[in-house]
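Can you build the whole structure from these sequences, using the hints too?
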Amino acid sequence: MTCRDVSRFLREYFEDELVPAERQDIEAHIAECENCRTYLTQYQDTIKAAQLACEDANVADLPEDLVKAVIAAIAQERR
Amino acid sequence: MDEAALIEALRSGDGQAFETLVRTYGGRLMSIARRMLHDEDDAREVVQAAFVAAFQNRASLPADSSISTWLHTIAVKTALQKLHDRPRMPEEAVAGYLPRFLPGGVHAETFAPWPERVEVALAHKEVAQQVREDIETLPETYRTTLLLRDVEGMSREETATIVDTTPNAVKIRLHRGRMALRTLIARRLTGDPS
Chain X
1 MTCRDVSRFL
11 REYFEDELVP
21 AERQDIEAHI
31 AECENCRTYL
41 TQYQDTIKAA
51 QLACEDANVA
61 DLPEDLVKAV
71 IAAIAQERR
Chain Z
1 MDEAALIEAL
11 RSGDGQAFET
21 LVRTYGGRLM
31 SIARRMLHDE
41 DDAREVVQAA
51 FVAAFQNRAS
61 LPADSSISTW
71 LHTIAVKTAL
81 QKLHDRPRMP
91 EEAVAGYLPR
101 FLPGGVHAET
111 FAPWPERVEV
121 ALAHKEVAQQ
131 VREDIETLPE
141 TYRTTLLLRD
151 VEGMSREETA
161 TIVDTTPNAV
171 KIRLHRGRMA
181 LRTLIARRLT
191 GDPS
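So the protein lines, in turn, are chains X and Z.
With the first letter of the first sequence counted as 1, position 8 gets the number 8 in the working numbering; the numbers rise by one all the way through.
With the first letter of the second sequence counted as 1, position 162 gets the number 162 in the working numbering; the numbers rise by one all the way through.
There could be a bad hint or two in this list.
[Said to hold, decoys possible] The list that follows gives simulated cross-link-like pairs (lysine-lysine, DSS-like), each with its CA atoms no further than 27 Å apart:
(1) K125(Z) / K82(Z)
(2) K68(X) / K125(Z)
(3) K48(X) / K125(Z)
(4) K77(Z) / K171(Z)
(5) K68(X) / K171(Z)
(6) K82(Z) / K68(X)
(7) K82(Z) / K171(Z)
(8) K171(Z) / K48(X)
(9) K68(X) / K77(Z)
It is worth saying that the hints were derived from the structure and are not from the lab.
The structure is reproduced here in structure tokens:
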């Protein structure tokens, strides 16, 4: 298995879609290849980074002015 | 009113039912719009447009469906329309952000470890803002797939339906989108062009 093969199957690796033999091949490669180990960690961290960056910490009820605007817009549609 | 009764009332276009819908689910829709757009005014516009779209498409709410899933899909589609107007790199440019290999399949670059754990780095507001900008920079098909799968947690099949493609294309776009985003984040965090 080469670095290119590891890179190609990273998504499947993290989403547990590989058969055991393929998984073992990847793990054998990353045990020997520091560069692939770093890449694999960063691939996983990228998913976390996207989630953390887009987190909305302000989940709350819709502001009342927006509730009223939405209800008015729906009423407009009804006419 | 239980969910089945609310669905029935929504399907018949009952005004009170729609007010209940807005009050019950409005906050969650605002949160989806904020996660995808990162702009309060755009998020408000999307929430309003999504509820109007829900009213217009009330007949498409299956009687045995979950209101939350139905509204989530409508909100995501409405937010994607808004995102479509924003600048991003052309589709083919993604190739420049994917790993390169030497003959024999060895990585052409050496990857520098990131200086901090990702949770620590993203706790800095400016880094979180930069990552949001990096996501927005991605070509549209990759940006959309990454947002729906990794941020919104939608399934491969749901994502494929929303973006009108195959589940297999979603797999490929997600993988490439993540790899391109990794490169953009690595450049931010390490200053290393790989």
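Now the hints, each set against the structure:
| no. | hint | in the structure |
| --- | --- | --- |
| 1 | K125(Z) / K82(Z) | holds, 24 Å |
| 2 | K68(X) / K125(Z) | violated, 32 Å |
| 3 | K48(X) / K125(Z) | holds, 15 Å |
| 4 | K77(Z) / K171(Z) | holds, 19 Å |
| 5 | K68(X) / K171(Z) | violated, 41 Å |
| 6 | K82(Z) / K68(X) | holds, 22 Å |
| 7 | K82(Z) / K171(Z) | holds, 24 Å |
| 8 | K171(Z) / K48(X) | holds, 18 Å |
| 9 | K68(X) / K77(Z) | holds, 23 Å |
When each numbered hint is compared with the structure, violations occur for hints 2, 5.
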